[in-house]
Amino acid sequence: MKIRILNGEMEGHELEFDRDVVTIGRKAENDVALPLDLRVSRFHATMGRGCSGQWVLEDLDSTNGSFIGRRRIYAPTALEESGTFRIGRTWLEVTEPVPEYAAAEAVVFVEEGEAEAEGDIADAVVTSIDAGAGAQSEDARLRELSREELEERLSAIREVGRAVSSTLELSDLLSKLLHSIVAVMPAERAILVFVNPDTGELEPRAVWPREEAKGELALSRSIVERAMSERVTLLLSDAMSDERFGQMESVIDLHIRSAICAPLLAARPRYLDPAHSDDAPPADGDEVIGVIFLDTTAATHVFDRADAEMVSIIASQAAVAIQNARLYTDLREAYEDLQNAQKQLVSSEKLAIIGTLSAAISHDMANAVSPMVTLIDMALERGAVDEHSEEVLQRQLGRLMSMVQRLRSFSGHAGASDEELALELCDINEVVGNSLSLVGTELAHEGIDVTLELAEDLPTVMAAPSQLDRVLLNLCVNAMEAMADAPEPKSLRISTELDGDEVTISVADTGPGIAPEAQDKLFEPFYSTKRQGTGLGLFSCRRIVEDEHHGSIELDSRQGEGTTITVRLPLPA
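If you count the sequence shown from 1, position 223 lands on 223 in our numbering, and the numbers rise without skipping.
Since no wrong hints were added, every one of them can be taken at face value.
Below, simulated DMTMM-like cross-link-like pairs (lysine to aspartate or glutamate); rule was C-alpha separation at most 25 angstroms, straight line:
#1 521 - 485
#2 2 - 333
#3 521 - 546
#4 2 - 31
Don't read these hints as lab results, they were simulated from the structure.
Please construct the entire structure, taking both the sequences and the accompanying hints into account.
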């Protein structure tokens with residue numbers, strides 16, 4: 001696996017491992033050491049491959065927890081599709097390691113002259129082996145080898161067969177294929193060339209270069225095209241000493257002494273296509289999907305006929321495996337496209353419903369609030385309201401009007417858009433105090449003890465106070481409802497903290513907690529764990545925090561121990 005650090009002072013740092021499980025923590029003894037993140041425990045978590053092939057993160061009872069997406073995990077948990085997770089304040093990403101083969105962007109085709117292509121190369125080909133000759137012919141040829149050599153080569157072919165049949169992932173297959181070929185053949189360079197099924201163009205896909213190879217690697221187009229067109233494995237023996245072949249640019253550039261080029265022949269796939277007649281005859285012959293090209297510059301070894309025959313057998317195995325991997329990839333991509341389309345459809349339908357509801361609610365709210373504003377103004381003019389009550393009324397009216405505008409915006413009607421949201425420098429502790437004053441009486445009535453742990457000298461952040469007010473009220477009301485049937489004592493803790501370059505607000509309750517299977521869906525629209533919940537509260541909180549304030553929101557919940565939701569807001573740049 002490869003683990004990449006995505007933020008902090010070690011951002012961009014990458015580590016690659018060839019074992020199943022790695023440890024992550026602050027101590028240097030860990031495989032992934034994060035000594036600069038003080039929120040990381042000494043031995044914080046492990047990352048490994050699960051039974052189903054997914055990456056699995058396991059927290060080692062760390063102090064500050066491990067997070068996948070927005071939720072804290074307490075049991076071994078598979079990563080989401082993005083492969084990202086958070087340890088302390090550090091975001092990391094786990095990916096497949098770079099394949100053992102090199103990318104083939106540096107391989108270029110050398111265009112030989114017409115005479116070389118049609119004459120000299122043909123003369124220089126010492127042996128051509130029919131790639132479709134069949135097993136009986138191959139057996140007859142292999143009898144020329146000694147018993148010991150025959151057993152060795154048959155064993156190597158079996159190993160290659162096991163390697164290429166062990167995976168349907170194309171990148172993994174190419175790595176194993178080249179590794180297997182180079183392990184049994186004395187080649188200094190191995191190149192896989194594919195035929196683009198759409199354009200018919202040759203595309204070097206993967207190369208196993210010599211360690212000293214630098215820059216572009218030349219490959220003769222003429223050799224590749226002849227092997228494909230004639231469907232034969234070409235054996236070029238001692239090419240440098242052959243005056244005709246030795247003058248070719250590709251041979252001169254790399255001092256090639258010997259080479260083998262074997263075509264990859266696979267059965268043509270047959271698709272169920274209503275557009276084609278059932279009476280249509282099947283396509284003749286196998287499809288040439290590419291070639292395996294091997295070469296060597298060493299004088300100590302020149303490829304012989306037995307080598308070419310072995311590569312031909314390997315090519316026949318590889319072609320089937322490559323074709324299967326391609327079909328598997330096409331099927332998987334089609335399935336993923338279908339899933340994404342379904343998700344987008346469901347999301348669009350949900351958002352359309354939310355928009356309709358928002359329009360109706362905003363209309364009714366506007367009708368209710370407008371006369372209230374006039375009546376309250378009249379009461380204030382008569383002095384019927386004391387100064388404190390006047391401040392509360394004005395603030396609440398402002399919230400109501402802001403909610404109407406936001407609902408109109410969300411439903412697509414005229415109003416403030418996300419980009420027009422007015423952000424200002426605000427004191428988070430003050431926002432917390434104002435929000436609590438609105439719901440404090442109700443919390444006390446429910447017998448809930450409220451504890452404030454507000455950090456001193458907290459820096460200001462760019463935010464819309466009315467929107468953060470909505471978030472905090474939503475979180476407090478959710479916590480109060482969650483503790484409705486909880487045993488005494490019931491407590492709600494609201495805390496603020498400066499955490500690196502973020503200001504955090506945490507709302508923690510002593511309710512029953514949330515089931516693990518529900519935590520991933522909690523911030524989706526219309527999903528609720530409450531009997532009469534709308535499923536829009538936490539969805540609205542997520543939208544305000546992430547979309548409007550470019551922050552993040554995370555969940556820490558264990559059944560029987562309560563729930564903590566933390567809002568993280570970035571400091572001004």
